[in-house]
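Participant: Please arrange chain B on chain A, whose structure you already have, making use of the hints.
2 protein chains.
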Amino acid sequence: MKDNFQDWTRANQSRIEASLDNLLPAANISPKRLHNAMRFSVIGGGKRIRPLLAFAAGEISEAKEERVTIVAVAVELIHAYSLVHDDLPCMDDDVLRRGKPACHIEYNEATALLVGDSLQSLAFQLLSESCLADTPRIQLNMINNLAQAAGSCGMAGGQAFDLDSVGKELNLQELEFMHVHKTGALIRSAIMMGACCGKNMSALQLKNLDNFAKYIGLAFQVVDDVLDTEATTATLGKTAGKDADNNKPTYVSILGVKKARELAEKLRQNAYQELETFGKAATRLRQLTDYIIQRES
Amino acid sequence: MKDNFQDWTRANQSRIEASLDNLLPAANISPKRLHNAMRFSVIGGGKRIRPLLAFAAGEISEAKEERVTIVAVAVELIHAYSLVHDDLPCMDDDVLRRGKPACHIEYNEATALLVGDSLQSLAFQLLSESCLADTPRIQLNMINNLAQAAGSCGMAGGQAFDLDSVGKELNLQELEFMHVHKTGALIRSAIMMGACCGKNMSALQLKNLDNFAKYIGLAFQVVDDVLDTEATTATLGKTAGKDADNNKPTYVSILGVKKARELAEKLRQNAYQELETFGKAATRLRQLTDYIIQRES
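One line per chain: the protein sequences are A and B, in this order. Numbered per this note's numbering, the first sequence spans residues 1 to 297. Numbered per this note's numbering, the second sequence spans residues 1 to 297.
For the record, the hints were derived by calculation from the structure and aren't laboratory data. Hints should not be assumed to be uniformly reliable.
Pairs count within a copy or across copies, as identical chains cannot be separated in the list.
Okay, derived cross-link-like pairs now, DSS-like style, lysine-lysine, Cα gap no bigger than 30 Å in a straight line [said to hold, decoys possible]:
hint	residue 1	residue 2
1	K100	K64
2	K168	K207
3	K32	K207
4	K207	K64
Just chain A, with the same shape it has in the complex (with noise of 0.2 Å):
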């Protein structure tokens, strides 16, 4: 690797933003205000996890760039729209988000409910739209493997299974359940999918791939909860402490700090061992894992 993790990294969360600026609709676009209020909630901020998996497993199969940003950005979308639809007042009732007012708070309750529902589309008519893949069949399973990450029996339904846990005392393989869904489909997704841009993977590969992306989602949300606990709304950029106050269930409280630090880090070892078989390939891959595991925001 000529360059080092900090440079890819950079490289590549300029390369979504740009491709994001570039592919929501101009803010002069009727309708003007639903346009700005998409922009105003995807563009300029958030760390861009999900891309950054992406760009990495698209490493491993050897795939085009230019397939792999529609992927990040489709990604990125759905993520996005999440937010906005979280942070309504009816779901999270957040007011801040990525240091900026949440969309319902700079625009309207119904303007945040239409820009959540135009972004998932949006992300369905990108991967849609162009050559993502080495045959059509495959591009069709991309985007099957999204709508089911975003949906029911997906992100949509962790939030679900979120919100009837609100009060409720959660075991640890509930709070997984709940994780698997709500956090981890779309991780799971932005990295098949990431990877299905190039060249064929065997089923084993595939199976490795999905095995340490299940492990990294999970430890993502685990080091989120440490996060929550311990970091301050400032350098969150969202309201910190926010779970614990609404008395949600979380990582650290079923397992306490230390023991949520020591999950995060045997999950580590997990996702790390399933990359054993691509080698060098898979060296973005093991880098994203440590800094998902060592973040401090």
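Facilitator: Chain B only, in chain A's frame:
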């Protein structure tokens, strides 16, 4: 045609009902509350006009019934999601839908939000799952068509324009712009996708069909506005007179009932003209055109 229009309509409505029941996640799959609410919002109601249009358009290209059924289900899921979100307090704030409580009344707002989000994902999941066209490339185009029809330059954009127009004076052109997006886009998509399930059509035929779809989409809305003025809440299964109460511009508020009816009749004639090239294969589309203009609910 060996069976009459009423029999054909009932048979296809039953087919759609059974397919929705079959393709929506079962109520005993976790998260159960969400899946129950999805089924509550979709099954057992509505005239299924968009599915009927897809089936009728499929007859033009001799499309296989099982393909058109999936397209019809996908379009109906998008339509159902839009109704669930439109009824929310931050949008139209309506409590009654298809003669039943609105989803957020029967469940709660957060669930209704996730129901809409999940129904949209499910539509794209179904469209990418099985073989719906003679080539996967055509199928990708169909997905693209629906995504555009649903998004910010289609249905959701029409909603945004509608929100922005409350209390404003719109002229006929602006009202048409709104409806071409709000209801027209999805109706066009139903018709174009239904036809794309079958034999290849010429560019001219596709243009004729798309023009037909534009006319019928507008006619549908003009008649809707007349019914909103003249019909009762009991007949409609949704709150009548709502648009006038909300000071929303409608074809009736701009043209009056008589001229609105004349416009609907003019649109029917235009729609019929676009179908001439298809001869007998367009019989069902003509019958549906008459039904849409003459319906009383």
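Participant: Against this structure, judge whether each hint is valid.
Facilitator: Hints, one by one, checked against the model:
With identical chains, the CA atoms of K100 and K64 are never at most 30 Å apart, being 34 Å at best within one copy and 51 Å at best between copies. Taking the shortest alpha-carbon separations for K168 and K207, neither the intra-copy value of 34 Å nor the inter-copy value of 57 Å comes in at or below 30 Å. In this assembly of identical chains, K32 and K207 lie within 30 Å of each other by CA distance solely across copies; the values are 29 Å between and 44 Å within a copy. In this assembly of identical chains, K207 and K64 lie within 30 Å of each other by CA distance solely inside one copy; the values are 22 Å within and 35 Å between copies.
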